[in-house]
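Peer 1: Please build the complete structure, drawing on both the sequences and the hints.
Read in the working numbering, the sequence shown has 39 at position 39, and its numbers run on one by one without any break.
Everything labelled a hint here was simulated from the structure, so no lab data went into it.
Taking CB as the label site, the calculated pair distances span: (1) 66 with 147: 24 to 34 Å; (2) 59 with 170: 36 to 46 Å; (3) 43 with 113: 13 to 23 Å.
Straight-line Cα separation of at most 20 Å, SDA-like style, residue types lysine to any residue; simulated pairs: (4) 123 with 109; (5) 115 with 18; (6) 22 with 61; (7) 115 with 105; (8) 17 with 152.
Using N, Cα and C, we set each Cβ at its ideal position, and we do this for glycine too.
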Amino acid sequence: MYEPNDDSYLMEKYVKKFASGKILDVGCGSGILMIAALTKNKNVEGVDIDAAAVKHCKKQGFNVYKSDLFFDVKGKFDFIIFNPPYLPEDEIKDKDLVGGKYGYELIERFFFDVKRYLNENGKILILFSNLTDKEKVDEIIFENGFRFKLLEEKNVGLMERLYVYLVSLD
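Peer 2: This is the structure:
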């Protein structure tokens, strides 16, 4: 289960600011972003591929189920939160951290499917790192019929920069 870190706390700020309507946290981990979403709305669901994360969040009273991205998701949402694993590695040894060989493969799968689960005026809040190819992530977003607003860039550590995007249909 992914424990909250710099990326989680950065996302938390924007979840509290923008989350509204029916909310889905994809890759909910510890549940920190669902807790943040509850400050604005009580209609919050989560999914995670990690059974331990699902169990942990269910113990906290959340409506959470095990799913690989949208595989077992039902319905449409007004706001989708996605703090994906984004680190690039040849082998995916840690699903909590690694997003594929180049870091953006999971983000690519997400944007390929998300339209079916997002209401017409819905929004997506996503975070990723400069360790993933930013231009490629931008391209993935545009190619799937979305536009984005960069909400924040934040340096963490000596070599990493985090990007938070608010994404909507084009």
